[in-house]
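Here the protein sequences line up with chains A and B, keeping their order. When you number the first sequence by our numbering, it's gap-free, plus one each residue, and the end is 723. When you number the second sequence by our numbering, it's gap-free, plus one each residue, and the end is 723.
Since the hints were made in silico from the structure, they are not lab data. Hints should not be assumed to be uniformly reliable.
Stated by the list, open to error - Listed next, the in silico SDA-like pairs over lysine to any residue satisfying Cα-Cα at most 20 Å (straight line):
no., chain 1, residue 1, chain 2, residue 2
1, A, Lys197, B, Arg692
2, A, Lys673, B, Gly679
3, B, Lys555, A, Met597
4, B, Lys159, B, Ala190
5, A, Lys555, B, Ala190
6, A, Lys281, A, Asn299
7, A, Lys638, A, Met597
8, B, Lys197, A, Gln530
9, B, Lys197, A, Lys197
Said to hold, decoys possible - Now the in silico label distances, taken between C-beta atoms and shown as ranges:
no., chain 1, residue 1, chain 2, residue 2, range
10, B, Asn385, A, Lys281, 53 to 59 Å
11, A, Arg363, B, Asp712, 52 to 58 Å
12, A, Asp482, B, Asp287, 42 to 48 Å
13, B, Phe600, A, Lys669, 33 to 39 Å
14, B, Glu611, A, Asp704, 46 to 52 Å
Idealized CB from N, CA, C, for every residue including glycine.
Number of protein chains: 2
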Amino acid sequence: MNNLLLVNTRTKKIEAESCTDKQRLTGGRSFIAHYLLNNSDPACEPLGRKSKFIVASGLLGDTALTTSGRSSIGGKSPLTGGIKESNVGGAAGRKLANLGFRAIILEDMPQEPSTGVLYVKNGKAEIISFPGLKCREVSDTFDVLFDRFGKNVGIYCIGPAGEMGLASACVATSDHTGQQLRVAGRGGMGAVMGSKGIKAIVIDDSDKKKPDTYDRKALSSAAKEVAKIIRDDPKTENRHDFGTPAVLSMCNSLGILPTRNFSSGSFEDADKISGEKVAELILKRGGDARRGLPCVRGCSIQCSNIFADKNGKKLVASLQYENIALLGSNCGISDIDAIAVLNDRCNQVGVDTIETGASIGVAMEAGLLEFGDSDGARDLIDQIGRGTYLGRIIGSGVSVTGKVLNVKRIPAVKGQAMPAYDPRSLKGIGVTYSSSAMGADHTAGNALEMAKFMDPAARDGQVEVSLRLQIRGVILDSLGVCLFIRPAFVKDPGLVARLINAKYGTDYDYPDIQKMAIDCLKAERKFNDLAGLPADRCDIPEFMREEPLPPKNNVFDIPRDEIEDIFKAKVPAEIF
Amino acid sequence: MNNLLLVNTRTKKIEAESCTDKQRLTGGRSFIAHYLLNNSDPACEPLGRKSKFIVASGLLGDTALTTSGRSSIGGKSPLTGGIKESNVGGAAGRKLANLGFRAIILEDMPQEPSTGVLYVKNGKAEIISFPGLKCREVSDTFDVLFDRFGKNVGIYCIGPAGEMGLASACVATSDHTGQQLRVAGRGGMGAVMGSKGIKAIVIDDSDKKKPDTYDRKALSSAAKEVAKIIRDDPKTENRHDFGTPAVLSMCNSLGILPTRNFSSGSFEDADKISGEKVAELILKRGGDARRGLPCVRGCSIQCSNIFADKNGKKLVASLQYENIALLGSNCGISDIDAIAVLNDRCNQVGVDTIETGASIGVAMEAGLLEFGDSDGARDLIDQIGRGTYLGRIIGSGVSVTGKVLNVKRIPAVKGQAMPAYDPRSLKGIGVTYSSSAMGADHTAGNALEMAKFMDPAARDGQVEVSLRLQIRGVILDSLGVCLFIRPAFVKDPGLVARLINAKYGTDYDYPDIQKMAIDCLKAERKFNDLAGLPADRCDIPEFMREEPLPPKNNVFDIPRDEIEDIFKAKVPAEIF
């Protein structure tokens, strides 16, 4: 992973460039932060000529480490106006790394809208004109591209929403089986990709070379240790069996499950949409239905699934907690089959399920449709795909939807919709939402896992917890691994340094890794400052400080200035 | 003007409070800046409970000085997210001052949307429930209220757009004849007023007392000097005869007339919509048509008009330059009668003509309708009033419209549409647009008048010019006078201090007045900083730095950092 692929989408000129030493040693999210800060104008318009779109591989993207091979998708977000990294599994990230690319960078934009395909093979690349892909939905696009380029390629693509430049547009990617559709949902990266006139990036690594590794044996030994810890961890079996939906019941009992546009933290029909119910139905229904699937090849946790209807016909692959919560309880919808369909419709149209579920919740609060109306919700998603005026409103994200429809309760921070953890009763994540350069993003530092060690609704200690989790988040997103790998690193933070040293011949210890993460956070904050989105202005929506959240009846009460000082806090240099 | 009227729109509790000494000596825009900074949370949601809505009278609001009696409408803007003051003529400002009020401040918001009327008479006030006003257009609302409260009241009201919370909603006010409709258009103050559940504020000053004046004779003498200078100024006759539309031909020949969504600075049909043409038609058509009307009682310039159709039937009162340019040339519309109708429809629905004209121009660029399609434009404005999805998009302002419709050329700064002076060929105003806390607002410092002293497209000197004009703008908006009074103050800046000293018994000289203005600018910038809208982040839309503007083919090229340093510049302390 020593090269960058620079693609000028206006002139169609494509160049491979060697990484600097520093670029070689920053992966994924860290690479994106430094690259955008140093090589783009943070004040640029997100969908304009000066904006850049990046797909980056993680530091360990071409290794056999469990969960590795994820992709970081980054750019300037049309939702937040700040920097964004959206992380996703699937097959393409490893293939990108296999070809030796740290990143692909799309620059400038074509004079006319276009649906080109960037085809990358063996270090060469070209933009292929592909007008037939215009307005195609995501799975359809995959089918066309697999047909043209073979089943073994990795694909990133956008749906109609990305072509339309809608701010909630996502980037979808295929898995190695072609069955699952994985999504880099947050921040509207699909709109940025669409603005470059690129409908899809196809990565063919059939000519891949042996990865460049400093000490194969040491790498293999460290990776095996990680795998063993994960295998022995008691959470792993639960994750394998129930996946991310496993947390729904817990969130419901903590009173943080978004319900009817964040007006309640518990849903009376939680048992109908829980992880247990999802797993039960998958086992019962059979057919296409599966659980325990990996989203990247070689993952030993395998928490993913294919969810099928009563006849065993695939409805969506995969069904995840955020999607169930935002499109389900947050919209008052308790029919899990209907939720699965809404989830798939979002995937196909190419919009983030979190942003879209939040927007639909706001539309329901505005009275456009009733809470619980899954047909109406589906119609709204279809309207996004067709680009009707209402569809475009919803597809522009929850802040625009709330503004246009004059709704006061808008669950967003920095213009981006909140994931499925109401910060009034899980205050640590509220600190993350409001202080992260990423806006409301649970993957930037999710305090849920701390709920068993501390009162999640307590005021004290949340800022420190959030900072620690934010640093951890950067590390994982820079390695290109899943956050479910963390038990290994929590047990032995030294493993992170051992893995990187074995791969790159460095002599890091864990504090060096932590410093890399802090440098990334600093770069992201600086980018946002220069973009006119002050990094030290931290708050969550006014209503969350005013309206107590049933059933626990908490408000968010961590003082803004305490949060604003978060990056002055110290984090123990040895703790992951 | 020693009192504030504090109106809690939730509890309906109304209190009069004495001004502090400082509040007594800051009027209009200055009052708003300091009051909002010191008495509200800048980070609040513009349409939420913590936001405040202010109507303030100017320092000289109850004097006989020519052009005095204007109102400052202020609050936190739903368009920009920053502080906003929008200035307007009409009858109510003087009446407010006559009752001894420096300001009315609406606080909190009702639990349910409402269309109450705040009735203020002789220092007392009440909120009268008036459900029949729901969704009423502006003139219709005036009629109902004149009928109920008598012809001599002054009225501020909102149209349907303000009730719907649309970010381009304006506050309309009546003149002393009941014929003209004057509009505080910028910044969405109508949405803020609407969020308070107040459809109208009715000011009855029939019990007014003699104004509190320190030295009547000195005031009268200074006011007479002002009037004489204005009378003798060569521009006055032109203003009287042609009003603000007089500048259209000049703007066209300078190449700064917004044309077809700011894609050109000159319009081939400029002569069909010029000030000369408007005046000619008014004289020719007769009937309701009039020119040379005052917008505040006692103004000696009288630049306003009533524009009538071929049969002499009133189309709009009055027709102003900004409206002709944004709804006309900017939309490719050259039929002045059609423009007058569009202008009136905006007034009646209750949206800012500048914001709406810009939004329609963007919708035309998006291909929703053709440039030049005045019927289509009218339909869009009607849709705002009806609250259709498309109407709500357009009514949410040009930034939202551009985002939702995926248009790259969005003529806005800080989320607010640009007035009718393209900054590529009038660079001083570009400095104002980008550095003013008010966003793109020509009244914050319009460099047009400097075009005869310097090359308007030169890079050098524009920052200093803008700063000087910004200071001047604050002074005029704090006195409650029209910017057409400036020839008097340019000739003798000492007159400003003489007027205030005579009114208040102070012993200011002009540098003291200038300091008051600089303090206001500082307070506004501080408010924006605390609101998360960095005051030192100055730029105009990317396309204006990239696309040369025909016919002069200039781009906006004043470096961002030079503009960001504007408030470090010095302004000669003696020059108005």
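Against the range 53 to 59 Å, how does the distance between the Cβ atoms of Asn385 (chain B) and Lys281 (chain A) compare: consistent or not? This hint holds: roughly 55 Å between Cβ atoms.
That 46 to 52 Å hint for Glu611 (chain B) and Asp704 (chain A) (C-beta), does it hold up? 47 Å, holds
Using the beta carbons of Phe600 (chain B) and Lys669 (chain A), state whether their distance is inside 33 to 39 Å or not. 47 Å, violated
Straight-line alpha-carbon gap Lys197 (chain B) to Gln530 (chain A), limit 20 Å: At roughly 35 Å apart (the allowed maximum being 20 Å), Gln530 (chain A) and Lys197 (chain B) break the hint.
Are Lys673 (chain A) and Gly679 (chain B) close enough, with their CA atoms no more than 20 Å apart? 15 Å, holds
Lys159 (chain B) and Ala190 (chain B) were given as a pair; does the straight-line alpha-carbon distance stay at or below 20 Å? 25 Å, violated
Hint check for Asp287 (chain B) and Asp482 (chain A) - Cβ pair distance inside 42 to 48 Å: Taking Cβ atoms as reference, Asp482 (chain A) and Asp287 (chain B) lie about 46 Å apart, which means the hint holds.
Straight-line alpha-carbon gap Lys281 (chain A) to Asn299 (chain A), limit 20 Å: 23 Å, violated
Lys197 (chain A) paired with Arg692 (chain B) [C-alpha distance capped at 20 Å]: Roughly 12 Å between the alpha carbons, so the hint for Lys197 (chain A) and Arg692 (chain B) holds.
If you draw a straight line from the CA of Lys197 (chain B) to the CA of Lys197 (chain A), is it 20 Å or shorter? Not satisfied, since the Cα-Cα distance of roughly 38 Å exceeds 20 Å.
Pair hint Lys638 (chain A) and Met597 (chain A), alpha-carbon separation not exceeding 20 Å: 15 Å, holds
Is 52 to 58 Å a correct range for the gap between the Cβ atoms of Arg363 (chain A) and Asp712 (chain B)? About 56 Å separates the Cβ atoms of Arg363 (chain A) and Asp712 (chain B), which means 52 to 58 Å holds.
Hints 3, 4, 6, 8, 9, 13 from the list above are not met by this structure, while the remaining hints are.
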